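Number of protein chains: 6
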Amino acid sequence: MSANTDQYLITEEPYYQPQGDEVALYQAAYEERLPVMVKGPTGCGKSRFIEHMAWKLGRPLITVACNEDMTASDLVGRYLLDADGTRWLDGPLTVAARIGAICYLDEVVEARQDTTVVIHPLTDHRRTLPLDKKGEVVTAHPDFQLVISYNPGYQSLMKDLKQSTKQRFSALDFDYAPASLEVGIVTKETGIDEATAGKLVKIGETARNLKGHGLDEGISTRLLVYAAQLIKRGIEPIAACRMTLVRPITDDADIVATLDHAIDAVFG
Amino acid sequence: MSANTDQYLITEEPYYQPQGDEVALYQAAYEERLPVMVKGPTGCGKSRFIEHMAWKLGRPLITVACNEDMTASDLVGRYLLDADGTRWLDGPLTVAARIGAICYLDEVVEARQDTTVVIHPLTDHRRTLPLDKKGEVVTAHPDFQLVISYNPGYQSLMKDLKQSTKQRFSALDFDYAPASLEVGIVTKETGIDEATAGKLVKIGETARNLKGHGLDEGISTRLLVYAAQLIKRGIEPIAACRMTLVRPITDDADIVATLDHAIDAVFG
Amino acid sequence: MSANTDQYLITEEPYYQPQGDEVALYQAAYEERLPVMVKGPTGCGKSRFIEHMAWKLGRPLITVACNEDMTASDLVGRYLLDADGTRWLDGPLTVAARIGAICYLDEVVEARQDTTVVIHPLTDHRRTLPLDKKGEVVTAHPDFQLVISYNPGYQSLMKDLKQSTKQRFSALDFDYAPASLEVGIVTKETGIDEATAGKLVKIGETARNLKGHGLDEGISTRLLVYAAQLIKRGIEPIAACRMTLVRPITDDADIVATLDHAIDAVFG
Amino acid sequence: MSANTDQYLITEEPYYQPQGDEVALYQAAYEERLPVMVKGPTGCGKSRFIEHMAWKLGRPLITVACNEDMTASDLVGRYLLDADGTRWLDGPLTVAARIGAICYLDEVVEARQDTTVVIHPLTDHRRTLPLDKKGEVVTAHPDFQLVISYNPGYQSLMKDLKQSTKQRFSALDFDYAPASLEVGIVTKETGIDEATAGKLVKIGETARNLKGHGLDEGISTRLLVYAAQLIKRGIEPIAACRMTLVRPITDDADIVATLDHAIDAVFG
Amino acid sequence: MSANTDQYLITEEPYYQPQGDEVALYQAAYEERLPVMVKGPTGCGKSRFIEHMAWKLGRPLITVACNEDMTASDLVGRYLLDADGTRWLDGPLTVAARIGAICYLDEVVEARQDTTVVIHPLTDHRRTLPLDKKGEVVTAHPDFQLVISYNPGYQSLMKDLKQSTKQRFSALDFDYAPASLEVGIVTKETGIDEATAGKLVKIGETARNLKGHGLDEGISTRLLVYAAQLIKRGIEPIAACRMTLVRPITDDADIVATLDHAIDAVFG
Amino acid sequence: MSANTDQYLITEEPYYQPQGDEVALYQAAYEERLPVMVKGPTGCGKSRFIEHMAWKLGRPLITVACNEDMTASDLVGRYLLDADGTRWLDGPLTVAARIGAICYLDEVVEARQDTTVVIHPLTDHRRTLPLDKKGEVVTAHPDFQLVISYNPGYQSLMKDLKQSTKQRFSALDFDYAPASLEVGIVTKETGIDEATAGKLVKIGETARNLKGHGLDEGISTRLLVYAAQLIKRGIEPIAACRMTLVRPITDDADIVATLDHAIDAVFG
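Protein chains in written order, with full-length UniProt numbering: chain A, 1 to 268; chain B, 1 to 268; chain C, 1 to 268; chain D, 1 to 268; chain E, 1 to 268; chain F, 1 to 268.
I should point out that these hints are in silico values taken from the structure, not numbers from a laboratory. Treat the numbers as computed from the prediction; the structure is a model and nothing was measured. Any given hint could turn out to be false.
[Claimed, not checked] Each pair of labels, with its calculated beta carbon distance range:
{"hint": "1", "chain 1": "C", "residue 1": "ILE238", "chain 2": "D", "residue 2": "ASP6", "range": "54 to 64 angstroms"}
{"hint": "2", "chain 1": "B", "residue 1": "GLY100", "chain 2": "A", "residue 2": "ASP124", "range": "40 to 50 angstroms"}
{"hint": "3", "chain 1": "B", "residue 1": "ARG87", "chain 2": "F", "residue 2": "LEU80", "range": "22 to 32 angstroms"}
{"hint": "4", "chain 1": "C", "residue 1": "LEU57", "chain 2": "B", "residue 2": "GLY212", "range": "36 to 46 angstroms"}
{"hint": "5", "chain 1": "E", "residue 1": "ASP124", "chain 2": "F", "residue 2": "THR11", "range": "16 to 26 angstroms"}
{"hint": "6", "chain 1": "E", "residue 1": "PRO18", "chain 2": "A", "residue 2": "SER73", "range": "46 to 56 angstroms"}
{"hint": "7", "chain 1": "D", "residue 1": "PRO18", "chain 2": "F", "residue 2": "ASP124", "range": "17 to 27 angstroms"}
{"hint": "8", "chain 1": "E", "residue 1": "ASP21", "chain 2": "F", "residue 2": "LEU80", "range": "45 to 55 angstroms"}
{"hint": "9", "chain 1": "D", "residue 1": "ASP260", "chain 2": "E", "residue 2": "PRO178", "range": "54 to 64 angstroms"}
[As the list claims (entries may be wrong)] In the DSSO-like style, the derived pairs of lysine-lysine whose C-alpha atoms are separated by at most 27 angstroms in a straight line are:
{"hint": "10", "chain 1": "D", "residue 1": "LYS202", "chain 2": "D", "residue 2": "LYS162"}
{"hint": "11", "chain 1": "F", "residue 1": "LYS188", "chain 2": "D", "residue 2": "LYS232"}
{"hint": "12", "chain 1": "A", "residue 1": "LYS134", "chain 2": "E", "residue 2": "LYS232"}
{"hint": "13", "chain 1": "A", "residue 1": "LYS162", "chain 2": "A", "residue 2": "LYS202"}
{"hint": "14", "chain 1": "C", "residue 1": "LYS134", "chain 2": "D", "residue 2": "LYS134"}
{"hint": "15", "chain 1": "F", "residue 1": "LYS56", "chain 2": "E", "residue 2": "LYS162"}
{"hint": "16", "chain 1": "D", "residue 1": "LYS162", "chain 2": "C", "residue 2": "LYS211"}
{"hint": "17", "chain 1": "F", "residue 1": "LYS202", "chain 2": "E", "residue 2": "LYS162"}
{"hint": "18", "chain 1": "B", "residue 1": "LYS232", "chain 2": "B", "residue 2": "LYS188"}
{"hint": "19", "chain 1": "A", "residue 1": "LYS202", "chain 2": "B", "residue 2": "LYS162"}
{"hint": "20", "chain 1": "B", "residue 1": "LYS134", "chain 2": "C", "residue 2": "LYS211"}
{"hint": "21", "chain 1": "C", "residue 1": "LYS56", "chain 2": "C", "residue 2": "LYS188"}
{"hint": "22", "chain 1": "C", "residue 1": "LYS202", "chain 2": "D", "residue 2": "LYS162"}
{"hint": "23", "chain 1": "B", "residue 1": "LYS162", "chain 2": "A", "residue 2": "LYS162"}
{"hint": "24", "chain 1": "C", "residue 1": "LYS162", "chain 2": "B", "residue 2": "LYS211"}
{"hint": "25", "chain 1": "C", "residue 1": "LYS162", "chain 2": "D", "residue 2": "LYS162"}
{"hint": "26", "chain 1": "A", "residue 1": "LYS162", "chain 2": "E", "residue 2": "LYS211"}
{"hint": "27", "chain 1": "E", "residue 1": "LYS232", "chain 2": "E", "residue 2": "LYS202"}
{"hint": "28", "chain 1": "B", "residue 1": "LYS202", "chain 2": "C", "residue 2": "LYS162"}
{"hint": "29", "chain 1": "F", "residue 1": "LYS162", "chain 2": "D", "residue 2": "LYS211"}
{"hint": "30", "chain 1": "D", "residue 1": "LYS162", "chain 2": "F", "residue 2": "LYS162"}
{"hint": "31", "chain 1": "E", "residue 1": "LYS134", "chain 2": "F", "residue 2": "LYS134"}
{"hint": "32", "chain 1": "A", "residue 1": "LYS134", "chain 2": "B", "residue 2": "LYS134"}
{"hint": "33", "chain 1": "A", "residue 1": "LYS56", "chain 2": "E", "residue 2": "LYS232"}
{"hint": "34", "chain 1": "D", "residue 1": "LYS134", "chain 2": "F", "residue 2": "LYS134"}
{"hint": "35", "chain 1": "F", "residue 1": "LYS162", "chain 2": "D", "residue 2": "LYS202"}
{"hint": "36", "chain 1": "F", "residue 1": "LYS188", "chain 2": "F", "residue 2": "LYS232"}
{"hint": "37", "chain 1": "D", "residue 1": "LYS232", "chain 2": "C", "residue 2": "LYS232"}
{"hint": "38", "chain 1": "F", "residue 1": "LYS232", "chain 2": "E", "residue 2": "LYS56"}
{"hint": "39", "chain 1": "A", "residue 1": "LYS232", "chain 2": "B", "residue 2": "LYS56"}
{"hint": "40", "chain 1": "B", "residue 1": "LYS162", "chain 2": "A", "residue 2": "LYS211"}
Cβ coordinates follow ideal geometry from the N, Cα and C atoms, glycine included.
Please model the complete structure; the sequences and the hints are all you need to start from.
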């Protein structure tokens, strides 16, 4: 594979609304090439933040959506059979290490816990990636950085990062934006009026208070944006909210009733 | 593979009897390209609805029946060995993303929970599908949309969608049609007289009341249509009902007796 | 593979002794191409019945003995490596769909529960079989029908068909033939005298009464035929019965003693 | 593979000491081509008996030592890659069905329970073996017979033959020979004097009484023969017995002491 | 693969601060070619020590990051398909044995317990590595040595080295450096002033006291270095400490509060 | 593979200190070609004994370190892809059977219990090895013998040899040498003075008394030799003992203290 660096560059500025000093902290971590872990609940903007930083720093970004079936070879590379025999194909982590990209392992905790040890030599003073199957040791490009995302709400005894992995990262906490900021995000992303956006954010807050009391997670900003999109398209707000804020996140009849009631109260 | 778009087009209007505002809601969601989750029990018409909408919108439809052995590669694609070496074959999700089809993942919860993360980058602002093994990032065609079906009655601790997946979808609830509509459906699909159709629907209602009291699910509209088909073919109604409405759905002698009794009462 | 239809045709009438209206019911179901599930205990004649019907209807019959290691590819097909690269080989289900055979999935519950979803699009109005790995959607031949067998005595929490599968089938119950019919079957199949056949059937009835009281299943008609065959060959009846009716089905010393005693009482 | 029938023929009569009418019963079963299950504890002569019968009947014998990793393909056959592409290789069961051998599946219960369903169509009136992956249905040679061995002492809830498999077999019980016969076997196989053989058999009886009281199984005739062989070689009887009759079968210090004591009492 | 020895040589002296007589002990063990196990918590300098010793002894160093998916073939080698057929590729352990490198199996306990038996013949008087699949027995180069790392805090019933593996190693205990040494390390690695380094070490000590009381492991020296790096870059010390010393290692709100409080107390 | 017999011959006499009549017993077993099981704790000299016997008998020795991932194919052989298609490669067991080697399956209980059934036909009167995948039955060379090692301390319900495997072997018990012999071994292997060797053996005895009281196994003779080697190299005895006799075998602080105390008492 000729790793075409350009295809990994982000050419347009991704919209991102900072909530604190995260941009400066990330920038300092990147200057030191510290590995970074971004922590926070579903749909609070972690991936968007990394895209924004990659754009700001002008670095290519290689994102890998981790999953339980992902093997070390999926990250590192493998031999393919060719007309002329086998040929080595770099995996996304190796490509990133070679071209000096930011490599973003999304939902890393989904990967098999022990597969994640392949990133260890890239995250300490060695900054190398041994391709055992190829007999090559890749030294990371000086601009390479590793970033992982992590949702603390998911962790169980079965699925957690090992301490020996965690202790290789600096970490930034993320959460849903406070109400005033979130109203701005919904308005900016959909062009809906501020009053409606405010009502949607209010419903979001109700749901987030139910977290741990029947809901695994609250309503993400993304779903509020969905609701606003449908309302802009002319869908009646109550129907739009039920379709985007309630039905996707729960099957529990009581929770559904509670949330529907909250929607009625706000929009009724 | 030359992805022949035409073979995925639905050329004849599939019969679909709307039960509420689901057509308008889906249409608005499609205009915004929101991912859609259709929820509801077995055989209530979820797949038929999606076919109907694909026909109405004039979009090709690619359906994938999900199963536990399905890997991410089955969705995304894989390398095949050819006379000239390996050759990449797009999977159905990739084909759909390229040609702008509606991709319908039927019974998605059967797929390994973590395999479903491959759909994440297609369901947020990125609308991309990274083919890690090919070193290519596919940007979805502007007309592409993702739809999944989901049966809340099945979910267990072992098998459920993750919140980070759910929060990427808008959702529509489906259920069996109310009696008057269902009589119409059975009549229309089989040409049976309305009186007989009414009797079948009545038996269906009895069975649905047993849901949770010995039956995992009620009798689907599909089975009522089966019964009507056999009756039209000259099979005695009681025998036809036993064969299509009772024997397939339960092995429990008490439930069999209860349902047989209900059939006798209606047709006896 | 050139699917040679002829090899799947049944050229001689298989002996089958009807026990009720199952032939007419099956015939009507076939005319409507309804999927059929045949239910009943081991060795009561389910497979024989399907062969008989395939012969009667003049349709080719493709039987697949399901097992837990069977993957969807075993049913649907796979790529094989050839001198000229890879070549697609239709699986038995695909062959049946193409040539219009009756496809009989024997002991379907042995297959991985989730593998069985591949039959779904063949069992509703679509009557299609998507070959995802080949990028082809097979439309079933108008004469194609799907039949599965199912032994209710086996089902456990771990192994059962899903409701969404069951609700796609009509179903016929089978059981061991009543005594008079069974005497006829044993006589007809082995040429043994009616008195001896009657004694064997009597032993069979004793064993079937033990079902659930130490025996998982009763003695099948097939084993009674085995006993008659050995007696015809000159083996002493008590030794023949022990070898065919007792030793194969139980290791429990008490049950062995009870059954041996019953044999002594009948033949002693 | 050119299935060389000759290599499966047994040219020299294997020594076998009948214990009852098993030779006549097996012969009658073979004449009817009934599948046979031989049941009994480890090392009591089941495999030897089948070899003896194959020799007596002049049929080739193909033995398969079953194990948990054995797949249906190991029995039936698979495609191999050749200079000219893929080539089908018959498995041992297919070879046996084609050439009319006795196919002996040793310790069949070790094979995955569900893998064993592949033998079903060979064990009823069909006498066929569908090679699904090759698209061929093999009709068994008229002389083909299937035999399985089975150790009732092993069966657990996890590992047992299914009733639908058991009910396809006739069955013969085996056990260790009675003392007088066993003395003859040890003498004949090793040339040791009858007095020493008698002492060894006595120790064997002691151990068999411990079965279920600390020993999973008694001492097999094979181990008695081992002891006699070492004694013939000049090893002191007590040391020979410890090495062959005690150390292999138990790690329990109490059982070791009990058995050593019994040896001392007999040979001391 | 032509095993290029040079790429495994460490050309610059890696910084290492000895804590006791470990250098002399390791050197004596190397002279006798005793296998060495380095034990200790995450990030206390085990890997650095081995690099230092490899540099000091002038031996090439081959490091393998072990993981649960690692098979014996990943260590030993495998056949690859080439234009001219299959070709053997030595694994890293085999390369090390051939060229006389120090082979360092990092976090060996992650590898499947039973996979580790492949190292046994290399760790006793035989000093050989049988390549079963190649039919070759490799005799280790006289300079070859095996080193493994091991974190006692991780071991569970499920994951531990077998005694038969442990008893093949000599072992060195490692722990975090005492405060005075650690201040030196942080100063030397980052150029930060001693006062700030002292404050960081103080926070580290607080966290290490929480080990077993809510924290699985304390804060490693590596994380202290991260904090110092960010402070040097101009990040406010409290923000730098939260990002590097707290957020990566815990999700527990109480522990976070305790550690944040400790940071405030030291830097506030 | 051309099985080069010479590479398996042991050309120099391996040092072995007999503890009883094991040499004579093994020799008699070999003359009768009885399969042998060597039982005993880790590091007591089982492997060394087999090497010694192979040297004494002048037979090639093929050792296989068993592990849980080992399949029957790893023992028996497999097809490899070659420039001219597939080519069969004998596994180590097959090579041994063909050339008349002693095949030593080390730690056989690590192999999957059911994989071990492949050795059955080699361990009874048949002395054959069926290569099912090749369609060949290998008759063992007259000089072939099978030996397995087995550590009774490890056996659990999950991992034990089956009785049907055990009953195919004669067995020899091994244990650590008595003190006087062990002092001789340590002296002979390292050249250390007898007084120091005696002290080391004394520490070993202390540790062996802790077996079952906090230690899974005692200190093996091998570790005593390690300690002596380091002492000979000039390492202070207490440091040498801690590094070789304590740190490798336990992580338990109490046991470490007890053993360190014993070392201090002996060498202090």
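Hint by hint, here is what the structure shows:
no., hint, result
1, C:ILE238 with D:ASP6: 54 to 64 angstroms, "40 angstroms, violated"
2, B:GLY100 with A:ASP124: 40 to 50 angstroms, "45 angstroms, holds"
3, B:ARG87 with F:LEU80: 22 to 32 angstroms, "24 angstroms, holds"
4, C:LEU57 with B:GLY212: 36 to 46 angstroms, "40 angstroms, holds"
5, E:ASP124 with F:THR11: 16 to 26 angstroms, "18 angstroms, holds"
6, E:PRO18 with A:SER73: 46 to 56 angstroms, "38 angstroms, violated"
7, D:PRO18 with F:ASP124: 17 to 27 angstroms, "19 angstroms, holds"
8, E:ASP21 with F:LEU80: 45 to 55 angstroms, "50 angstroms, holds"
9, D:ASP260 with E:PRO178: 54 to 64 angstroms, "58 angstroms, holds"
10, D:LYS202 with D:LYS162, "38 angstroms, violated"
11, F:LYS188 with D:LYS232, "37 angstroms, violated"
12, A:LYS134 with E:LYS232, "39 angstroms, violated"
13, A:LYS162 with A:LYS202, "38 angstroms, violated"
14, C:LYS134 with D:LYS134, "18 angstroms, holds"
15, F:LYS56 with E:LYS162, "31 angstroms, violated"
16, D:LYS162 with C:LYS211, "15 angstroms, holds"
17, F:LYS202 with E:LYS162, "24 angstroms, holds"
18, B:LYS232 with B:LYS188, "13 angstroms, holds"
19, A:LYS202 with B:LYS162, "24 angstroms, holds"
20, B:LYS134 with C:LYS211, "58 angstroms, violated"
21, C:LYS56 with C:LYS188, "20 angstroms, holds"
22, C:LYS202 with D:LYS162, "24 angstroms, holds"
23, B:LYS162 with A:LYS162, "22 angstroms, holds"
24, C:LYS162 with B:LYS211, "15 angstroms, holds"
25, C:LYS162 with D:LYS162, "22 angstroms, holds"
26, A:LYS162 with E:LYS211, "15 angstroms, holds"
27, E:LYS232 with E:LYS202, "18 angstroms, holds"
28, B:LYS202 with C:LYS162, "24 angstroms, holds"
29, F:LYS162 with D:LYS211, "15 angstroms, holds"
30, D:LYS162 with F:LYS162, "22 angstroms, holds"
31, E:LYS134 with F:LYS134, "18 angstroms, holds"
32, A:LYS134 with B:LYS134, "18 angstroms, holds"
33, A:LYS56 with E:LYS232, "22 angstroms, holds"
34, D:LYS134 with F:LYS134, "18 angstroms, holds"
35, F:LYS162 with D:LYS202, "24 angstroms, holds"
36, F:LYS188 with F:LYS232, "13 angstroms, holds"
37, D:LYS232 with C:LYS232, "49 angstroms, violated"
38, F:LYS232 with E:LYS56, "22 angstroms, holds"
39, A:LYS232 with B:LYS56, "22 angstroms, holds"
40, B:LYS162 with A:LYS211, "15 angstroms, holds"
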